[in-house]
Amino acid sequence: EPEDCICASARTGNQPTTAKRGKSAVAISYFCDHCGAENAPNETACCACQQPLTQQADLLDANTLLNERYEVLSEIGAGGFGAVYKARDTQKNNQLVAVKQINLKGLSSQEIIEATDAFNREAEILSTLSHPLLPRIFDRFSDPEHWYLVMTFIDGSTLDEYLQQHMVSSLPASAGLPL
1 EPEDCICASA
11 RTGNQPTTAK
21 RGKSAVAISY
31 FCDHCGAENA
41 PNETACCACQ
51 QPLTQQADLL
61 DANTLLNERY
71 EVLSEIGAGG
81 FGAVYKARDT
91 QKNNQLVAVK
101 QINLKGLSSQ
111 EIIEATDAFN
121 REAEILSTLS
131 HPLLPRIFDR
141 FSDPEHWYLV
151 MTFIDGSTLD
161 EYLQQHMVSS
171 LPASAGLPL
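Numbering (the working numbering), first residue to last: 1 to 179.
Just so you know, these hints were derived from the structure itself, not from any lab.
Virtual Cβ for every residue (Gly too), placed ideally from N, Cα, C.
Please note that a few of the clues may not be correct.
Pair by pair, the computed Cβ-Cβ distance ranges are [unchecked claim]:
1) Leu133 - Pro52: 33 to 39 Å
2) His34 - Arg136: 30 to 36 Å
3) Gln95 - Ala45: 16 to 22 Å
4) Leu134 - Ala45: 16 to 22 Å
5) Asn94 - Gln50: 39 to 45 Å
6) Asn93 - Ala175: 32 to 38 Å
Using the sequences and the accompanying hints, generate a full structural model.
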């Protein structure tokens, strides 16, 4: 396995690439389309299944203005179909939001169907749930090659970061949040 692969780093103590989230440094990682394993952004093959990783293209630069409203501040993470950004809503007192971008460019017909289903399912489920630790959806919009979902920005560690810090692969049901 590559030395700086996140799979390897969980066992060896190597740190994945980091960026700032609020006052703390957080891991920026990418997920394998084939097996879902977390990988460092500079990897070309998955550390778990050795399948080639899809190159993360079309990532937004800081200060990009989306929908004439949302100013991108930084990337929070990325996965198979896109990325999530920390942004500022310039029309709501610079409120911090998370903007999920689904990239359709270069996808096959089947992948577009899968991305559409996942996007719509997430939007529908989140819009029906209400909990302080779940994001609330504020806006949805698109351009010719992307879909966007704007939601509450929740500061803190991701589940993957927690699992890496505690050197575990899963949590017991008792560790879940009461709904």
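How the hints compare with the structure:
1. Leu133 - Pro52: 33 to 39 Å: holds (35 Å)
2. His34 - Arg136: 30 to 36 Å: The hinted range 30 to 36 Å holds for His34 and Arg136, with Cβ atoms some 32 Å apart.
3. Gln95 - Ala45: 16 to 22 Å: violated (40 Å)
4. Leu134 - Ala45: 16 to 22 Å: Violated, at about 34 Å.
5. Asn94 - Gln50: 39 to 45 Å: Since Asn94 and Gln50 have Cβ atoms about 44 Å apart, the given range 39 to 45 Å holds.
6. Asn93 - Ala175: 32 to 38 Å: Cβ of Asn93 to Cβ of Ala175: about 36 Å, so the range 32 to 38 Å holds.
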